[in-house]
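*Asks:* As given, the protein sequences belong to chains A and B, one line each in that order. At position 36 of the first sequence the residue is numbered 36 (this note's numbering), and the sequence of numbers has no breaks. Count along the second sequence from 1, then add 170; that gives the number in this note's numbering.
Hints are computed from structural coordinates only; laboratory data are not their basis. Certain hints may be false.
[What the hints assert, rightly or not] Under the rule of at most 27 Å between Cα atoms (straight-line distance), these lysine-lysine pairs were calculated in the BS3-like manner:
#1 A:125 <-> B:490
#2 B:753 <-> A:31
#3 B:490 <-> A:61
#4 A:125 <-> B:753
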Amino acid sequence: MIRVPLVLRLAGLVLASTAFYTYVGQMVPQKEVFPPQEVVLLADMTTADMVRVGGEIMEGKGLCFTCHTVGKKGPLRFPDLEGIAVRASARIPGLSDVEYFAQSMYEPDLFVVSGFNPGMPVIPKPPIGLTDPEILCVIAHLQSLGGTPTVTMETKHRYNNSAVASGAKP
Amino acid sequence: MNGGATPSKKLLVLLAVVGAALALFAVVRVASFLTSAEYRAPIRGPEATEETTPRAEGLADERAAARKKALEKPYEEVEYRAFPKIGSRVAVWVVAQLHLLFAAFVLAVPLFAFIIEAIGYKTGDGRYDRLAHEFTKLLSVSFSLTATFGAFLTFLLIILYPKFTTYLVSVFSPTFLPYVLLFFGEAFFLYTYYYGWGKFHPLVHLGLGLGLNVVGTAIMFIANAWLTFMTSPAGVSEKGAVLSVWDAVHNYTWMPINVHRVIANVAFGGSVAAAYAAFKFLQAKTDEERAHYDWMGYIGNFVAIIAFLPLPFAGYWLAKEIYAYSQTLGLTMMGGAFSWLFIIQAVLIGNLFLAANYYLWLGMGRIEGVSSFQRFIKYLLIAITVCFMVWATPRSIIATVSEVRAMGGSSHPVLGFLGVMSAKNTAVNILILTTFMSFLLYRRTGKTATVSWARAGNAAQVLIFALAAGFVIFLGIYGYFVEATVRIGLSVPQVLSVLIAMVSITAIDVFLFRGAARTGEVRWGRIPAASQYVLIFIAVTFTWLMGLMGYVRSGLRQHWHVYGVVRDHSADAFTPTLGFATKVVSVTVLAFFLLIGFVFWLASLHDKKDWEPRTGTS
Chain A
1 MIRVPLVLRL AGLVLASTAF YTYVGQMVPQ KEVFPPQEVV LLADMTTADM
51 VRVGGEIMEG KGLCFTCHTV GKKGPLRFPD LEGIAVRASA RIPGLSDVEY
101 FAQSMYEPDL FVVSGFNPGM PVIPKPPIGL TDPEILCVIA HLQSLGGTPT
151 VTMETKHRYN NSAVASGAKP
Chain B
171 MNGGATPSKK LLVLLAVVGA ALALFAVVRV ASFLTSAEYR APIRGPEATE
221 ETTPRAEGLA DERAAARKKA LEKPYEEVEY RAFPKIGSRV AVWVVAQLHL
271 LFAAFVLAVP LFAFIIEAIG YKTGDGRYDR LAHEFTKLLS VSFSLTATFG
321 AFLTFLLIIL YPKFTTYLVS VFSPTFLPYV LLFFGEAFFL YTYYYGWGKF
371 HPLVHLGLGL GLNVVGTAIM FIANAWLTFM TSPAGVSEKG AVLSVWDAVH
421 NYTWMPINVH RVIANVAFGG SVAAAYAAFK FLQAKTDEER AHYDWMGYIG
471 NFVAIIAFLP LPFAGYWLAK EIYAYSQTLG LTMMGGAFSW LFIIQAVLIG
521 NLFLAANYYL WLGMGRIEGV SSFQRFIKYL LIAITVCFMV WATPRSIIAT
571 VSEVRAMGGS SHPVLGFLGV MSAKNTAVNI LILTTFMSFL LYRRTGKTAT
621 VSWARAGNAA QVLIFALAAG FVIFLGIYGY FVEATVRIGL SVPQVLSVLI
671 AMVSITAIDV FLFRGAARTG EVRWGRIPAA SQYVLIFIAV TFTWLMGLMG
721 YVRSGLRQHW HVYGVVRDHS ADAFTPTLGF ATKVVSVTVL AFFLLIGFVF
771 WLASLHDKKD WEPRTGTS
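Chain A extracted, bound-state conformation:
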């Protein structure tokens, strides 16, 4: 019987163990994550366009679905967004849905939904860093989750205008 030299046996063990872990690494889902694409926003976008673009921003640059879910139940770490348009207008007395959405992105710690910990980042600041028009598009998309979107590219709220917005329309 041929006796394999010790060094070769050890090298074989190291190679086989490493190969096994490399194989495990190939078995899990493979996905490359690219930096978020900048979205070009046109001033004359319709509300329907804003809803669509807002959805894209939420999935990409906004990183919203890293934490939030839509239509998921059970033990959640962050509030589910299904039907959020209905809850938004009634959540804080005196705040319209647009104002509430804006507040939760510009000053997220001012109000934290009961049962959850604070943890929402300030959306216009890095690392997310959405612009004011991008946030308007996100608001449009949030309004579409259980409600009827009303915002336009001209909509003002207290964070993008010194005058306090009274509702959805400017």
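Got chain A; can you put chain B on it based on the hints?
*Replies:* Relative to the frame of chain A, chain B by itself:
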């Protein structure tokens, strides 16, 4: 041909046909090569555009023009440079990881060498002193390799990422001089500690060991400030201007990384030292050598596993601080791009627990009177396997559209519940408790408690173990029925109950077995050779795990050099697939073992006879 077999006619014909085909193929290849290389007249432009300048003069003109252009060009700071073939990211990744692996080893070995030497001094048992000395034999070459890879990494950063490196240097400029001075201190203590073995009073020598550990730890703390700042920056404005260097150092993840690395380094260093002992055991020619290296391997592995047990808790603290710094960053790690990495981590840690327990169970064979404990092994194995399976269960499963429809989502209707943190925290805590019980059984092998309260003591230990396990499982199940705010907080009592159980059971055990009757002696060296391969497997798995976790710690920043402050605009600003990342980790691990094999070989030269010239007999 006399006596030879005559080839059949058919075979000759076949060979002729094959030969002719090969000859034809060769002729065609040669002909096509010659045709492609034949002389062709140059394609000349119209007469008026033809260059009439002699070649040498034209080249000189070109050089002069290029020089003039270079002289006129103002200095521009380059943001990035590309490393050939593999790219800048992979080059820095591999070199940084190799530097970290050797640095971890160089920091860890003095830590447990110092403890072992101190035990030897306290007990007067010379074996400990020799063992500590043998561990330090691996240090000097490893120290040189650490420094070399450190310098290589620095050059790579300056060359490939000059702008970002300049920024990092500007933030941490006050830390570099102390770092260099400490490095001198490290060299002084390390070489004096190693070469001064047996040359000083033991307390002086222990003082040198202590100095080595303090300086080494301080070096690591400074370097940790640089890298943790990149993940959780503090002390700078939103645009990156420095506000406070101390705040930049003392950022969210600095202290958790410091603690995590000290513990992980000891675990890793212990496993590599055990691998060295295994290598020497397998090479050993005499029973005496086998006994020595069996003992050395056992101590190395003991150090590794004892350090490994609290490591998940330190990891939990680190993750908690990452969440505290940025929930987005935390969720990217655990629920986003890197979530599947933790399934790979589960496989690695599950293997470590299985291998460590297997080694202990094999080790029981070297002690006489072991049979009474061996019946428990199957229950421990079942517990470890179940915990391993729970930990390796993913929350969401990759499935076809029809499978997703049948399951009602990407989570399996039953197994999906095992993929959440409540189940995983429970599994890891039970794994730790089970491994701890394996150690306890091993410790008791060959001994019988003689104290009057032995029965009560045993009962108390079993009760504490059962209570801790029951409490951990209860909290794990309870976590499914409460809100996130409550659920997140449940990990802390789980961890605390396991820690309290381990400390109190050990305390009882120490007194219970004080003056215990020996029912069997430890026969060092009487262990199957398979156990030594297990030690090497553990070292490979630890190294691979360090590579993987190093990747997630660094890769977590995704397209940021400094998270939220300095954006990565290079071609490598994307997060690669886990498959790619694991290949890079594997290459690094193989390179490390190639180099550490060299270190082992150099260390083993110490025991070789000196070369002597052959003497003639005539």
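*Asks:* Now tell me if each hint is right for this structure.
*Replies:* Hint-by-hint comparison with the structure:
As the CA atoms of residue 125 of chain A and residue 490 of chain B are separated by approximately 22 Å, the hinted pair is consistent with the 27 Å bound. Taking the CA atoms of residue 753 of chain B and residue 31 of chain A, the gap is near 15 Å; set against the 27 Å cutoff, the hint holds. For the hint linking residue 490 of chain B to residue 61 of chain A, the alpha-carbon distance of about 25 Å falls within 27 Å, and the restraint holds. For the suggested pair residue 125 of chain A and residue 753 of chain B, the alpha carbons sit about 35 Å apart, so the restraint of at most 27 Å is broken.
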